[in-house]
Amino acid sequence: MISFSRIAAVFIKELVQMRRDRPTFAIMIMVPVMQLALFGFAINTDPRHLPAAVELRDDGPLTRSFLSSLKQSTYVDIIDIVHSDAEGEELLRSGKVNFLIVIPENFETEFVRGQKPEILIAADASDPVAAGGVVGAIGEIARRAFAPELDRLPAKLRGGAPPYNVVIHRQYNPEGVTAFNIVPGLLGVILTMTMTMITSIALTRERERGTYEALLSTPVRPLEIMIGKTTPYIIVGAIQTSIILLAARYVFHIPFTGDPAAFLLVISVFILTNLMLGYLISTVAKTQMQAMQMTFFIFLPSILLSGFMFPFRAMPSWARAIGEAIPNTHFLRMVREIMLKGAGLPDIIGDLGPLLLILLVLAGIALMRFQRTLD
Amino acid sequence: MSCEPVIDVRGLTKSFGDKTVVDHFDLKVPRGSIYGFLGPNGSGKTTTIRMVCGLLKPDEGEGTCLGYDVLHESVKIKSNVGYMTQRFSLYEDLSIRENLEFFSRLYGLDNMRRRVNDAIASLGLEGRARQLAGSLSGGWKQRLALAACMIHEPQLLLLDEPTAGVDPKARRDFWDTIRAYAREGVTTLVSTHYMDEAVQCDRIAYIAYGKKLLDAPTAEIPARLGLHAFKIDNGDLEKLSAALKGAPGVEILARFGASIHVCGKDREKLAAAVGRIRGEPGVRVTEIEAGLEEAFIYLMTESDDNFSVEESAA
Ligand SMILES: Nc1ncnc2c1ncn2[C@@H]1O[C@H](COP(=O)(O)OP(=O)(O)OP(=O)(O)O)[C@@H](O)[C@H]1O
Ligand SMILES: [Mg+2]
Chain A
1 MISFSRIAAV FIKELVQMRR DRPTFAIMIM VPVMQLALFG FAINTDPRHL
51 PAAVELRDDG PLTRSFLSSL KQSTYVDIID IVHSDAEGEE LLRSGKVNFL
101 IVIPENFETE FVRGQKPEIL IAADASDPVA AGGVVGAIGE IARRAFAPEL
151 DRLPAKLRGG APPYNVVIHR QYNPEGVTAF NIVPGLLGVI LTMTMTMITS
201 IALTRERERG TYEALLSTPV RPLEIMIGKT TPYIIVGAIQ TSIILLAARY
251 VFHIPFTGDP AAFLLVISVF ILTNLMLGYL ISTVAKTQMQ AMQMTFFIFL
301 PSILLSGFMF PFRAMPSWAR AIGEAIPNTH FLRMVREIML KGAGLPDIIG
351 DLGPLLLILL VLAGIALMRF QRTLD
Chain B
376 MSCEPVIDVR GLTKSFGDKT VVDHFDLKVP RGSIYGFLGP NGSGKTTTIR
426 MVCGLLKPDE GEGTCLGYDV LHESVKIKSN VGYMTQRFSL YEDLSIRENL
476 EFFSRLYGLD NMRRRVNDAI ASLGLEGRAR QLAGSLSGGW KQRLALAACM
526 IHEPQLLLLD EPTAGVDPKA RRDFWDTIRA YAREGVTTLV STHYMDEAVQ
576 CDRIAYIAYG KKLLDAPTAE IPARLGLHAF KIDNGDLEKL SAALKGAPGV
626 EILARFGASI HVCGKDREKL AAAVGRIRGE PGVRVTEIEA GLEEAFIYLM
676 TESDDNFSVE ESAA
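Protein sequences, first through last, are from chains A and B. Quick note: the first sequence uses the working numbering, first residue 1, plus one each step. Quick note: the second sequence uses the working numbering, first residue 376, plus one each step.
Think of the hints as simulated: they come from the structure by calculation, not from any bench. Cβ atoms here follow ideal geometry from the backbone N, Cα and C, with glycine treated the same way. The hints are all genuine.
One-sided excerpt, in silico: chain A residues whose CB lies under 8 Å from chain B:
no., residue
1, Ser3
2, Ser5
3, Arg6
4, Ala8
5, Ala9
6, Val16
7, Arg20
8, Gly210
9, Thr211
10, Leu216
11, Ser217
12, Thr218
13, Val220
14, Thr373
Cβ pair distances, simulated, as ranges:
no., chain 1, residue 1, chain 2, residue 2, range
15, B, Asp393, A, Glu324, 42 to 48 Å
16, A, Gly136, B, Glu467, 53 to 59 Å
17, A, Pro222, B, Pro405, 30 to 36 Å
18, B, Glu435, A, Arg313, 57 to 63 Å
19, B, Phe391, A, Gln290, 16 to 22 Å
20, A, Gly344, B, Gly442, 55 to 61 Å
21, A, Arg369, B, Arg630, 49 to 55 Å
22, A, Pro222, B, Asn492, 28 to 34 Å
23, B, Asp401, A, Ser3, 31 to 37 Å
24, B, Phe631, A, Val284, 50 to 56 Å
25, B, Phe391, A, Arg369, 18 to 24 Å
26, B, Asp571, A, Arg369, 41 to 47 Å
27, A, Pro346, B, Phe391, 53 to 59 Å
28, B, Asn492, A, Val284, 36 to 42 Å
Sequences are here, hints too, so could you generate the full structure?
Here you go:
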């Protein structure tokens, strides 16, 4: 009973209206560009000269060589040397330093004996980007520092694994969200905001302009209106996604390691879910103003509780429970899995299922709420 | 089948909040007729029309429209009705052609291009088909809206003040079209505030405060009300109006061009009232037959005690 002609009627009409509404269209395209630029500048992906403290429990040529190598790397500036745990912890906690480098007792002796002493790097990962650079570089810094020493070691200690361990403790942000995580996250946030907003006024605008009465006086069905009104914006979502992906690749040099087909599926379901969410709002909102307010009401938890802003596992359980009902939560996990960890479809089923469920529930409620009359 | 009324509704009632806007409204509209729907502002005309075509759910009442149940078969009703809304409800950011195409597609029409071209041609808008509907003048918007609601050649036209703001020539054309449709069997229910349009209707239903006060063939309405009228011209009309206003027997007093019409149900009292001014210099008084316009002015002033009118009209 669904008529393709009627869906096409609504679809074509929306496309024409979208094309005529240049400012809105421009905003839809500008939002991702601006967000990326903003985050791109704000996130210095290669931060240098971060304050660090060294907790010296041992001293000797190896230690000094390591410390000077650290300084040369320009990643950190050693602003303090302490000799006890308490002092070091305090510096890190108060935020005076981003890193605390602990050279353990008997480091030098254990090193030459091949007992693999541990250098501990405690990083304040509450600023994950700041921590990321050093954490990434520390292995190389240590290797360079100890290279001349290694040459002097007995042959049995050369080759193979280095005779020391660098242990990194990320504190305050155990998931260690990095810039790599933020750009895919932005994709979810931007799509949530723009897709929801654009359809949240889909029906509200018709109601406000009085065109709703003419529309309803025709035999068009609620499902046909819904399909016809949301599909044009899939195109907009696809454009936004392309912009962000291109920026991720060429501006932020984020590798795309996973399965593109899985990504396409995930992104489609996610865009549809947000369009449905917006459409549901538009069946409720009386005015465009109300629709905007409801969109923002939904937008905030999508940022705060989805794992975009704060690491999901570090949130209290009630917040996680809410988070599980937010489309962005599942999307973020899947996109990070696919883009950064090389996941394919089987790896993400656990999040795709819930997202599909949310989509169906939203569409169902929107259809039920749709008024065929003007009451 | 053909004698079955196109609209047949009984007891339609609709309230918004605690205000009953349409109160047990009955209507039977025979096929091929032009049915006028009159009443003061806010009397419930638009609300009634919306209930008839399934855009509002009646709180009470039942009936059929084009043989379909108004409560449960609104989709079928909508496919066969052309409803022109009182407020302009086409898309202002679509062109004339795009609007017409949109509605053609919604009705699933074949030969869309031809129909749209014909509609544009009959509007005389060939050169402006790409103009945005929002940039049309008020009268042209009305004419476009009318064309849009007729694009699927419906069996029933529900027109809510279709000619508001339309110039006299276009209104004439519009009524010629409606009559031509009626000859082909298309039924029209049209609400209007214009008397020159009311007289063109076969029958008129008059509503006030949500209640139907009168439902009769147009020609019989003045007689049904039992109105008597006198026409007064020449003389100082301002002074004469002041003298007659409120005089016993003068129930309405209205200016018609260069004359005054006074009407009332009690001919004796009315004659006595005008008798008193007969002597004034230059004044000419003639008894006339009360027309439709007097009838409706009378109805609108009397709407408060509507039950008495309803009985006398029944
Ligand atoms: N959706 C609504 N909510 C609340 N009140 C309404 C609604 N629609 C109409 N009304 C009220 O119902 C009454 C009748 O309105 P309606 O539009 O049917 O009158 P009308 O006869 O068409 O008037 P007009 O000649 O001015 O067009 C008015 O008092 C109006 O305020
Ligand atoms: Mg009205």
